[in-house]
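Given the sequences, and given the hints that come with them, work out the whole structure.
Protein sequence lines, in the order shown, are assigned to chains A and B.
By the numbering used here, the letter at position 138 of the first sequence is numbered 138, and the numbering carries on one by one without gaps.
By the numbering used here, the letter at position 24 of the second sequence is numbered 24, and the numbering carries on one by one without gaps.
Worth flagging that the hints you see were computed from the coordinates, not collected in a lab.
Source: prediction; values computed, not measured.
The beta-carbon is built from N, C-alpha and C at its ideal position, and this holds for glycine as well.
Below, in silico cross-link-like pairs of lysine-lysine (DSSO-like), each with a Cα-Cα straight-line distance of 27 Å or less:
| # | chain 1 | residue 1 | chain 2 | residue 2 |
| --- | --- | --- | --- | --- |
| 1 | B | K75 | A | K93 |
| 2 | A | K465 | A | K483 |
| 3 | B | K19 | A | K93 |
Here are some chain A residues pointing at chain B (derived, C-beta under 7 Å):
| # | residue |
| --- | --- |
| 4 | P50 |
| 5 | R51 |
| 6 | Y52 |
| 7 | D54 |
| 8 | V55 |
| 9 | R85 |
| 10 | R88 |
| 11 | L89 |
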Amino acid sequence: MTGKEYIESLKKYKPTVYFLGRKIESVVDEPMFRPHIHAAAMTYELAHDPRYEDVMTATSHLTGEKINRFTHIHQNIEDLVKKVRMMRLLGQKTGTCFQRCVGFDALNAIYITTYDIDKKYGTDYHARFIEYLKYVQKNDLMCVGAMTDVKGDRSLRPHQQKDPDLYVHVVEKREDGIVVRGAKAHMTGAVNSHEVIVMPTRAMGPEDKDYAVSFAVPIDAEGLINIFVRQTNDTRRLDGDIDCGNAKYGIVGGETLMIFNDVFVPWERVFMCGEYDFAGELVETFATFHRQNYGGCKVGVADVLIGAATNLAEYNGVLKASHIIDKLTEMIHMAETCWCCSLACSYEGYKTSSGAYMPSPLLANVTKLNVTRLPYEWSRLAQDIAGGFVITTPSEKDYKNPETREFIEKYLKGVADVPTEHRLRMFRLVENLSVGAQLPESMHGAGSPAAQKIMIGRRGNIEMKKELAKIIAGIKPDEHFRKITGKSEEEFFKEMIEKARGERYGEK
Amino acid sequence: MKIGIKYCGGCNPTYSREKIEEYIRKYFSNAEVIYTSNPENVDIMVCISGCKRGCAIESINRKDMKKVVFFDEYKTELEVVKKIEEVLLCIQELDLEG
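The following block contains the structure:
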């Protein structure tokens with residue numbers, strides 16, 4: 001599908017969506033959704049451009065057909081690397097979240113986990129999932145990955161909650177399928193997806209069996225309700241194309257609160273149902289794939305922000321000031337640090353028993369933890385470079401009002417050869433990228449910092465590090481020191497000290 | 001003559017890769033220029049990478065290298081044409097040698 005065809009394809013779906021107190025009849029005609037739709041459309045459009053198809057497409061290991069990479073199962077390290085290259089490219093082209101990675105990561109995580117479930121229990125989830133995957137690949141579908149439950153009281157496990165629906169769970173098992181109830185939060189790109197892929201949100205115990213459920217339904221499945229959430233400055237979209245900063249592609253992904261109000265799922269679309277001991281594996285696998293992305297997409301967006309800050313420095317006439325050059329260099333350094341992390345976790349990836357590849361979980365979590373921090377710092381520098389007009393620029397309406405336009409043109413002019421409107425647009429872009437929803441998204445998207453720290457702590461190989469310290473401190477024998485010196489540590493130091501004392505101080 | 005063009009994925013290009021294509025289309029205006037990943041489809045293959053990582057050439061088989069021209073940084077129109085003509089000459093000589 002091209003970008004245009006993707007937008008057309010959404011018209012065939014009739015999802016139940018609410019926003020600002022009304023039911024939305026047509027997703028593609030809703031101006032508040034349209035920028036997010038354009039960002040997702042970029043994932044389709046670039047796959048048809050010879051300048052980008054090398055990273056945007058792949059060959060299906062199931063059919064041998066050329067497919068959009070967002071529907072691909074990683075077959076080698078190169079696939080993992082191309083994934084993050086694709087993320088950076090799309091961040092650069094949209095300056096925002098293009099949403100499609102969540103479903104992409106869900107496909108890969110479920111592919112790996114269903115294989116492992118079947119191996120243990122003799123179930124047929126993997127074969128079911130492969131049929132579903134073929135359907136997704138053939139029709140080039142966009143899937144929203146639905147993991148985060150609303151969770152209620154965080155100190156309680158799913159089955160302990162006062163309200164049993166605070167985690168998505170099975171409320172009925174039928175001969176032809178299951179019925180599910182609950183809600184998922186922060187559903188990026190949901191209203192403009194074709195499919196929803198649901199996964200559990202945490203590791204579970206035997207009492208949580210009904211909550212260990214994974215499945216897929218179309219976005220317009222009966223009983224599925226999406227409440228589109230607010231963003232900072234969102235109604236500026238109705239004012240024109242300057243004040244938004246990024247009117248074409250929006251800001252972050254366009255999220256929903258997704259409610260499963262007794263949704264029926266046929267068995268062929270159920271990929272986990274009660275195997276609670278695999279809920280943790282599915283969550284960690286998905287989290288690893290998703291955290292891998294953030295040094296790609298956010299760095300692509302940072303490329304746009306660095307460009308915007310540099311343009312503003314130029315428009316303000318300060319580009320050659322040494323402190324500006326230093327700040328821009330700092331921004332580049334931080335962005336490329338995150339890029340290094342994404343590349344590293346991809347290159348350190350490995351083959352799972354399913355045959356699919358996944359990134360290094362430790363390094364993927366390091367990537368994401370850096371992205372909970374460094375974007376705040378590069379945004380701070382962008383605001384610093386840009387100046388106070390980032391938050392005190394007159395509105396687009398006043399700029400277009402003949403009574404005030406002349407004053408704004410005159411008094412908001414920077415260097416002589418740059419039109420005032422360019423300066424206004426660039427201030428708004430920096431505002432979009434560094435003041436609004438982008439930063440909390442860096443913090444919480446793909447999991448909050450504490451979640452990364454848990455995985456980093458678990459996989460940090462502390463026991464090995466303790467051993468290293470004991471060897472260096474001389475508490476444990478050092479095999480290589482013995483080979484280098486030809487003696488044990490005790491012998492070596494005894495001889496050396498005796499010799500030194502004798503030579504230097506005449507001691508015997 | 002059929003000229004094939006293969007771009008890298010363009011994740012972080014250090015120059016405008018499209019310029020190379022523009023120069024090729026301008027100078028070799030009588031040639032058919034297509035986008036392909038397979039050198040067997042064309043008389044000469046131009047791989048355009050956006051940086052020194054050189055991803056555009058990764059999928060090319062060693063046996064096909066003789067008909068590949070590779071760019072990983074900006075070149076002027078003259079340099080682009082010169083590089084392609086040199087490879088074309090080599091291909092002709094190899095063909096004559098059989």
